[in-house]
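A.B. asks: Sequence:
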Amino acid sequence: MHTSRQAWDDACTKDLEDTWKIYARLPSMATVIPTGAAAQLINSDETFLYMLEETRMICGLQQDLAKWASRRFAEDGFERRWKALAAGDRKNVILEGLYRTMCLPDMDDRRNFCPDSTSEYLTSQNGDAFLRMLKEFLPAGRNAVISEPIHIPHPIVDRLLTLSPADEAKPGLKVAIQLHRSQRTYCLTTIVWNTCLAFVRSESNTLVYGAFKFSVLVRRERNSNVCEDTKGTPRRPAEPAGTKCRQISQCSSERLRLCMLEMWYIGEESRTWTQITSMQ
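Under the numbering used here, the sequence shown is numbered contiguously, ending at residue 280.
Honestly, I wouldn't trust all of these hints.
Taking lysine-lysine pairs in the DSS-like style, the calculated list, with each CA pair at most 25 Å apart, reads [unchecked claim]:
#: 1; residue 1: Lys170; residue 2: Lys135
#: 2; residue 1: Lys135; residue 2: Lys83
#: 3; residue 1: Lys67; residue 2: Lys14
#: 4; residue 1: Lys67; residue 2: Lys83
#: 5; residue 1: Lys67; residue 2: Lys135
Derived by calculation from the structure, the hints in this document are not laboratory data.
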């Protein structure tokens, strides 16, 4: 295990534990949300647009994760192979998933609501803690559509994010609590997804096939949306844009996820999330 990665994890864990020493003493998060700030949330169109986009993004990630995990559990013996990992190797995989996640924007703030995101917890019980969290994201049916985010229960977090009847009558507080819950859900979903991808890479003896497969898939997806009239691309349509270019003014979330997967399989670590999103 790389000592610097372990030192980073130790520091993050200490920060999280210190935060939750404070949070655990609170009766509810509603007690620390300023009334004025809550009122501004309910009157802000930007807040609601943000919540809609956040919900769409979480549902998309969870849908992809559910499809991937359901197939791996059913066909590839994922659970058996996960438990067969040596404890040190399993921790390395989880550390990689955590590190990749925390390199994304705003994840430090989101992780403040995830006391169950430490490597110590996720590696506990011979890796069963991680498997339980992964299974929480699986809907009842393999082909079920996730239209609302699946939230991971936690006794202390749930208590903090539960409003009293009096606070329930305050729309601004309800919005603030929903934002906190979404932050937690997005962070945990991304941690689990990145850990699964790190596990796949750790098992691969060679990445050539994976790189080829995803490169072809992404290239085919991009080329299928090129406007022949203006020679534009899905990310940067030429002007004046043709009909097809106007319909695809930005990278779809699905195409962006394919790009992320492609980067994982070919090991392209130099490209940051900011560079990816700036292409849109």
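A.B. asks: Indicate, hint by hint, whether the structure satisfies it.
C.D. replies: Tested hints:
1. Lys170 x Lys135: With a Cα-Cα distance of about 34 Å, the restraint between Lys170 and Lys135 is violated, given a limit of 25 Å.
2. Lys135 x Lys83: 15 Å, holds
3. Lys67 x Lys14: With Cα atoms ~34 Å apart, Lys67 and Lys14 exceed 25 Å; violated.
4. Lys67 x Lys83: Holds, at about 21 Å.
5. Lys67 x Lys135: 12 Å, holds
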